[in-house]
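Visitor: Take a look at the letters that make up each chain.
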Amino acid sequence: MSQPIRVLLAKVGLDGHDRGIKIVARALRDAGMDVIYTGLHRSPEEVVIAAVQEDVDVLGVSLLSGVQMTVFPKIFELLQTNGADDMIVVAGGVMPDEDVAELKKMGVNEVLLQDTPPQTIIDTLTRLVEERGAR
Amino acid sequence: MGTYVPSVELIARVQAGEPAAIGRLMSRAESGMAEAREALVRIHKLAGRAQVVGITGVPGSGKSTLVGKLARNLRTSGSKVGIIAVDPSSPYSGGSILGDRIRMSDLGTDPGIYIRSMATRGATGGMARAALEAVDILDAAGFGVVILETVGVGQDEVEIVRASHTTVVVSAPGLGDDIQAIKAGLLEIADIHVVSKCDRSDANRTLTDLKQMLMLGMREHKPADWTVPVIGTSAVSGEGLDELSDAIVRHHDVTSASDAGRAQRKSMAEFRLRKTAENLLFDRFVETTAAASGKLAERLMRRESDPYTLAEELLAATLAKEDDNERDVHSKIA
Ligand code: B12
Ligand SMILES: Nc1nc2c(ncn2[C@@H]2O[C@H](COP(=O)(O)OP(=O)(O)OP(=O)(O)O)[C@@H](O)[C@H]2O)c(=O)[nH]1
Ligand SMILES: [Mg+2]
Numbered sequence: 001m002s003q004p005i006r007v008l009l010a011k012v013g014l015d016g017h018d019r020g021i022k023i024v025a026r027a028l029r030d031a032g033m034d035v036i037y038t039g040l041h042r043s044p045e046e047v048v049i050a051a052v053q054e055d056v057d058v059l060g061v062s063l064l065s066g067v068q069m070t071v072f073p074k075i076f077e078l079l080q081t082n083g084a085d086d087m088i089v090v091a092g093g094v095m096p097d098e099d100v101a102e103l104k105k106m107g108v109n110e111v112l113l114q115d116t117p118p119q120t121i122i123d124t125l126t127r128l129v130e131e132r133g134a135r
Numbered sequence: 001m002g003t004y005v006p007s008v009e010l011i012a013r014v015q016a017g018e019p020a021a022i023g024r025l026m027s028r029a030e031s032g033m034a035e036a037r038e039a040l041v042r043i044h045k046l047a048g049r050a051q052v053v054g055i056t057g058v059p060g061s062g063k064s065t066l067v068g069k070l071a072r073n074l075r076t077s078g079s080k081v082g083i084i085a086v087d088p089s090s091p092y093s094g095g096s097i098l099g100d101r102i103r104m105s106d107l108g109t110d111p112g113i114y115i116r117s118m119a120t121r122g123a124t125g126g127m128a129r130a131a132l133e134a135v136d137i138l139d140a141a142g143f144g145v146v147i148l149e150t151v152g153v154g155q156d157e158v159e160i161v162r163a164s165h166t167t168v169v170v171s172a173p174g175l176g177d178d179i180q181a182i183k184a185g186l187l188e189i190a191d192i193h194v195v196s197k198c199d200r201s202d203a204n205r206t207l208t209d210l211k212q213m214l215m216l217g218m219r220e221h222k223p224a225d226w227t228v229p230v231i232g233t234s235a236v237s238g239e240g241l242d243e244l245s246d247a248i249v250r251h252h253d254v255t256s257a258s259d260a261g262r263a264q265r266k267s268m269a270e271f272r273l274r275k276t277a278e279n280l281l282f283d284r285f286v287e288t289t290a291a292a293s294g295k296l297a298e299r300l301m302r303r304e305s306d307p308y309t310l311a312e313e314l315l316a317a318t319l320a321k322e323d324d325n326e327r328d329v330h331s332k333i334a
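Chains B and G, in that order, give the protein sequences. Oh and the first sequence: position 67 is 67 in our numbering, straight run, nothing missing. Oh and the second sequence: position 109 is 109 in our numbering, straight run, nothing missing.
Incorrect hints may have been included.
[To be verified] Chain G regions said to be covered by chain B (calculated; three or more residues, Cβ under 8 Å): (1) 94 to 103; (2) 111 to 123; (3) 252 to 265.
FYI, nobody ran anything at the bench for these hints, they're computed from the structure. Since this is a predicted model, take the numbers as computed values, not measurements. Cβ atoms here follow ideal geometry from the backbone N, Cα and C, with glycine treated the same way.
Just chain G, with the same shape it has in the complex (with noise of 0.2 Å):
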């Protein structure tokens, strides 16, 4: 790409479906530099139009092994797909290797399919923090289907449901006796159940278990125009991922019009303002505090003061510049 390029000259080319505009301008996003916000903001105008599945479960489950089938699956019906997988990063060096995409490699080199790996950079919730920008640029070059692979921790990922329309949860045979969406606090946030790796001989019980707790009403407060399914599928024969690909396309029909589809496109505008609002505070936290806490710091090691009067004194920094910036606001407004 040369010299630096405005971002907001990336714009006309993300919506091009150029790969090199879109990939550049995610890692814009996932910087956090103040560069990109206008371009940010009119990219978010631009979206709007893209299906997020969400994709969970446990660690090893199979979740990008079966992304990658189901995005070549859902190609055949001519829409784009693009997917964001989202690894760990390593806590100590902050590093990671992103293993993903390694099992999405036979997609090879369809222009049609955009993967973009993430690392989570400290973010909790299993979704890294520009990961819905990211869809954003997605959904404004086009893509129809945008996946969302998480990384799979366990209860944190609630977060994935707030951030889809429709959520899809892996379970997989053979990783412990208990069904692990269960143990994970995941059997209730699903619209459609996957049992992966079908073609072991150990995933028929699996199957029957899920089926069996789902019946028991644990999910009375989904919508009743939605029955949730639970699907097996194999990426060794292909099982299910027809059907899998039809309830995905039938659960986007059936909420794009009902309320129930309603009240989650008015959950996850929420969820993205509130993790919006928290970044910006949490940037500004790291800014305001940073000279201070050293000799805060000091103050609490010779014990003359107590850590909440201390907490608040390093507080204030950040709520003066609060201030500061409102103030700026209200005198360019005058």
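Next comes chain B alone, as it looks inside the complex (with noise of 0.2 Å):
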């Protein structure tokens, strides 16, 4: 039997939209993945641990605050200093193209910005767990 995909999603710091990605929890629940929301107002070490314990096959992160660059390498650094340099990390929500390249280079696997279809959303987190494989 083959395993749901496991995905955290996570709003850090002050930023309160939460439409979007409350739209994606429910579509990657509707694909069959099995999905956790951290809600609103966490910071890189609570959303990492969480992660952690949840031995997530995807953290998600939502921003539509602009405040990328600063919590995207914290989200790294404690991945690693975690143990969990494994995980897929992708990024959601608003923000400039050369943020988007910047990003890319750090490590985040895939950004999927406003006005990404969900099934979109869906195909890329299926395709990224199928090329990692088994863990």
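Using the hints, put the two standalone chains together into the complex.
Guide: Here's what the structure looks like:
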């Protein structure tokens, strides 16, 4: 029996835009995934600890507040120190193109911004987990 | 974690309390993969010290919120607290939104607390299939208390009793006229009753009703050395949390020496045994019947035979496979 993909969806910092992430959560559930949502206003530490304890395949961070270039370096550092560097990390929300390029260099596997159709998000996560293989 | 780490190599790291190793072994237990079996066998040998506290109650009664508060309270006595929070899978997609953790978010980053969310994936009884393996893993990792939050669906939850040393039933005011615990058939199973949300004005009535119900002597099968307390709690004011922690610790002390406690541990072991056997049988059934069931269904559709005869035929493969296994075992012994 194949395992449902496990995803942790997180909102970090003061960003209160949660419409998008809730839509994503439902879409992923309806695609058969197990989704854990952290709720608003979490710190990078809380998010990474939760992702490690839940041993999710994918850590998804939604940011519409413009702080991506400080949040993601912190997240990668914490994943490293917690022995979870094999975790797939994706970003969503609103961010400028030049940041997207930087984030990908940093190790973010995919960035899926506003107006991405839910099916594209589902397909992208499924593909990333397939590419990673067994763990 | 990089390349694939064999499950048995995770054991020492689980014992050292390494979160990534604990999490990974739980995932493998959940997947039911054969590779993890040996590691889980060894984990089971290392486990057996933790007090398992089951928390149940109808949906929305405040279980997760209470678990969050309770965990922090139990932490002050020094023991590490593990939490396994079960939520239902969607019957349509098989997916889930595991929402318990969000209610425990003020636990922050305390390394002495470990929360794992699990989906039921079609398992009945309010628990996930790998919940007991997850309990063992936390136990082996040195968590002195493991709290098991079930999905609140009602009657089925009695399984929690056979998975926990101490069962806490949560009722809340304002969810209906009757005490929901009675409706859901949960009255009898509690070692401790909690009425949550006692910051609400209608909580007193629920408390009184519940106490009266219990006094009517509906619980004579419970041991004489333990009187089931009814505790009002509030996650808002913190009321009753100390009392609840005390009751949980006391229940452990009383039952770890008593005959009733021994009977409970036997009942838990038997449940575990039967559940494991059931799972093995079910897996074998799925595996051995997948190919044949389509063809047999055709014959049923054409009414060439009856459902009973065809079902026997379908099962034959499962039973034959078991004979094969037995032969395997014997030839290995020989
Ligand atoms: C609705 C909205 C609000 C609502 C939010 C309601 C809510 N509960 O969500 C309200 C009115 C409260 C609000 C407030 C503010 N907002 Co506003 N808001 C918007 C607006 C118009 C739409 C956002 C939205 O809901 N989109 C619809 C959803 C479905 O899209 P989405 O969130 O992008 O999600 C999609 C994808 O991004 C992706 N996705 C999202 N998350 C994730 C996660 C993962 C893992 C994946 C894979 C994909 C993914 O999937 C979704 C589907 O495609 C945007 C403008 C815009 N064009 O985005 C501004 C915008 C985000 N807001 C902005 C601002 C500045 C604010 C305020 C600071 C305004 C103020 N001065 O008070 C406050 C801050 C509030 C706070 N505490 O954070 C700015 C942010 C600028 C920036 N980033 O630098 C924007 C971009 C407007 C602008 N052009 O200036 N806002
Ligand atoms: N006033 C008040 N509200 C509470 C209290 N505890 C929980 N709640 C609220 O009750 C609702 C349900 O709480 P949960 O903790 O999610 O309940 P649950 O029993 O875990 O729910 P399920 O897991 O969905 O069955 C939430 O809106 C909580 O904020 C309390 O002590 N006082
Ligand atoms: Mg809950």
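Visitor: Take the hints in turn and mark each one as holding or not.
Guide: Hints, one by one, checked against the model:
no. : hint       : in the structure
1   : 94 to 103  : holds (count 8)
2   : 111 to 123 : holds (count 6)
3   : 252 to 265 : violated (count 0)
The earlier numbered hint that this structure contradicts is number 3, and it is the only one.
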